[in-house]
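Asks: Listed here are the chains, written in short residue letters.
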Amino acid sequence: MALIQEILVPLLAVNDTTLTVVEISLASGSKVSKGDLIMVFETSKTTYDVEAQTDGYIQYLCEADRDYEVNAVVAKIFSEVGEAAVAPVIGPAASAAPRIAATVTASPSLNGHVAAAHWEGETIFSYEADALIVSSGIDKNVFRGRDFVSVADVRGLLKPAAPKAPAVASAPAASVDPGKAIVERLSSAKKREIEYLSDVQRTGLTSTINTYVEVEGIFTHLNPALKYLKDSLLPVIIYETSRLLADYPLLNAWSHGDGVAVYREVNPGFAIDIDKGLKVVKIAGAGAKSIGEIENDILQLSGSYLDDTLKLEDLTDITFTITDLSAEGVAFFRPLVNKMNSAILGVSAIDGKLQRVVLSLTFDHRVTEGKLAARFLKELKERLESYRPADGAVHQDISCFKCYRTLREDLGGAGFMRCVTPEGKDGYICQACLKGF
Amino acid sequence: MLSNKTVVNHRILKEALRIRKVEEKFLELFSLGKLNGTVHTCVGQEFSALAFAGQLKKKDFVFSNHRCHGHYIAFTGDVRGLVAELLGKASGTCGGIGSSQHLCNNNFFSNGIQGGIVPVAAGYALGNKLRRNGAIGVVYIGDGTLGEGALYETMNIISKWEIPLLIVCENNYYAQSTPQHINLAGDILARARAFGIRTGHGDTWSPESLMQKAQEAIDYVRGESKPCFFLVETYRLNAHSKGDDDRDPADVAHYREKDFLNSFKEESPSYYQLYKDAVDEEVDRMVGEILLEDELPIEDYYEQTEDRTEGGWKPLEAINKRQVELLNQFFRDVIVTDDRTVFLGEDILSPYGGAFKVTKELSFLRPDRVFSTPISESAITGISNGLALNGFKPFAEIMFGDFMTLAFDQIVNHASKFHHMFNKKVNCPVVIRTPMGGRRGYGPTHSQTLDKFLVGIDNVTTIALNTFLDPAIVYRAVLAEEHPVIVLENKTDYGKKIAQHIPKNFVAEYNTDAFPVVRIRPAVSAPNLTIVAYGGMADLVAGMLDQVFLETDKLPELIVPSRISRLPLEVIAASVCRTGRLAVIEEGSAYAGVGGELIASVVERTGQKITAKRIAAHPVPIPSVKTLENIVLPDKVRILQEIMTSFS
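Order-wise, the sequence lines are chains A and B. In this text, residue positions in the first sequence follow the working numbering: the first is 802, and each later residue adds one. In this text, residue positions in the second sequence follow the working numbering: the first is -12, and each later residue adds one.
Fair warning: there could be bad hints in the mix.
Selected chain B positions facing chain A (in silico; Cβ < 7 Å) [what the hints assert, rightly or not]:
no.	residue
1	A510
2	V511
3	L537
4	C564
The hints are simulated quantities; they were obtained by calculation from the structure and are not laboratory data. Cβ atoms here follow ideal geometry from the backbone N, Cα and C, with glycine treated the same way.
One chain only, chain A, in its complex shape:
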């Protein structure tokens, strides 16, 4: 009775076909007891602890800071110490062992639904899924425990077709003269970030459009709805964006093969980067939440981010991203579209003098085009400006039909009068010209 447990790389999120081992807790050959922490994996979103399911002796088949494919055997537990001590073959296992280990408890299936029950019976593969399995050289046994396997399930296991490995890892790097520069290894999280951002940007088919939003007096109305994030536009932008996205399904989607996958729900995420690395966290169901509730979510999620208590679901299935660099005083910038998104909205800082803020929308041209994105941005601008006090909403650029002075330039403060022009059209006349008559 030698081998009693194999530890495989778990499938934690459909898009993570490889995981990084970030911690090996023990030394090979150590005695382990049931429940002991063996190792820690890192996904693109979070970390995952693996505990021993049994007592025995551990043998590691992996190294820290390396990536391993899902279902690869990364450790074994033996009943005898001698067996564990035998020098193992270490390296990223190319082909997974044909067994689903006990550590894999959840398997994502269609519609993001997580099948709770484990299926004891036969697994049925659709013909198309079967063909894909054969052509991809996957071992069918990895699907054991499933009742049905469709193409989407198989794709979920496959790496994204184009970059077989993360873009950075496979990029040929010229050698560096250590006298001239010091090479620092990229963190796993940074590699993920690069991989995620290059997925859409790599195509070069993104474009960014900008608009400005008049914000004069906007907080007179907004601040009463906010408890802590006074003078911040982020809650209302998330609020309005998630409502508006319902009318713009293509901005709540991603480019998928030769089609477009449109999300059924609107779950916007916002980017945070406060010393702990860039993360995008999800405001689930924002379309049904009030501004106050969204503010509350922002605060809670930021708290979780700082405490490292973000959950997997806080980080997955984000359908649209909002990145707010207003705190950094930026005038405008070009945000980068995230993987499995078709657009990202960037919020710059409010220009105190002009009382306006620039919104930038980068979109994936494979999914939509400038006209639609522009319409979205225009509508969002109008929605946001509608929060301004009503008197501020009067057009400042109406002009006197005689002298062409605009209302904004009316420094006398007397205002304009509505009138009928000599051509018989509706128009405005300034006080100066009126008195001149």
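Once you've looked at the hints, dock chain B against the given chain A.
Replies: Chain B in isolation, oriented as in the chain A frame:
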């Protein structure tokens, strides 16, 4: 002359004057705009009402037609209820819902459909005969109704089955505006005699003699428990309805002079005036009071109800018996345990036991409760309606679903209407069973699935049996229904066993609704295609769920409703919300069908964008030749193909 008249009981004269006063009052109120709708008055025909309806016992019954006010007053004496009814007041005998042509009070019923009430009356009379309560009934028709086929279907049956029903034909020589000689061939009484029905003959100009002959006819029907047909010669002195009178004024004047009440006025002016003043005072005062009354509020008539499903899914259990055996077993149990049940249909007597053997040996168990009928779908259904009104639970079998068209008037204008048009005084818990469906090569008129015509009838529940549920579960709920139910069985399903072929990795369940919904879903994974199929299609579709997945890569969940008149939207919409895709598979053609209704309702309910597809029969008559029949009706190949192209 005078001697003949004076012997007429003055009580009868007063009653006749009262009827005439009420009718004239209606015409007056109509011209004042106080009366909504229409009236058909019986001025001139009053003694026919008094002679028959007026001489019945309280336990007897009367069915009448559009010209029914006199019959109503003569039988019930309820002038107030009638006047309030026509004035549209809540205190009217039917709350103002039915008005002039649709009255109901105790055992009095009238309906505005010509001829259709005759089989209903026959069914009511049959119920009395089964109860042996000595009650009989009268059904009034006019000479215009002699053109309706339902009348002759019924005369054949009441003669054959010796049903104690007295048909009174009021011959006023006009069918609305058309003189009799244009429409009527042969002899009226000879028609009844040809069915072996005893006939009687009288007129309203000799009331005394008419009263006597009517009493004799009533006694004959009651004593012999046999039908009778009585022809009353009469004349209506007013128009068919209100202003539509094109008759020769001289002709009308002749009969006006001949009219018994008018002669009485001439000959005994003081008595006439005395009686007339009394009824004038009574009716005028009554009308004055009623005009101040309130109408029925809509909440008392109709309130929208939402169908709620109970949830609670239970696993389906396979039964190693054919559907037809289970149906037969259920009916065997019911016919001996439930005294309300009566079975009617063509060829249902044993040993034959019906074309599909559902009623096998029932007639051995209860010979008095199983009626093998002539080929008369209208009468079978109408008689069943009458039995249902009389407290029975009739099961009418229409041999092929295609023949439901012949029963349609009875379903739409009678069974479905009684409860509401009589302002909820009566229920008509009739059950009409019929097999639908093709794939047996029976061709255009014996293979159809006509459910689209049967699912939109107010107050009628339409059920489609399937091969997953024990039919006893469904029929127990049918038995408990208080309103009409149509049960669509399926010819090819009769021979199948229950819940036998559930594909691998799928789970079959049913919920706790009275008419349970069956769901066949993937064991673990979430489905991404909702398929709805019912009746005969359900079995075919269930058997190919695995194939749907293999070939289309869409993981289906099949929902099989039993009740298709009000579909289980909650269950279906919940599924569609998850899958975003809905395929409805019907054996009838798609246009204006159950699939269209379902998709519209689901979209309304979910407000979500879904991809939907109706897969249905091609819109042509079903060919007999097998290869073509298999193309016209949706088969596995076509279903797979259409799912693939619609949802890829």
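Asks: Looking back at the numbered hints, which does the structure fail to meet, lowest number first?
Replies: Of the numbered hints, just 4 does not hold.
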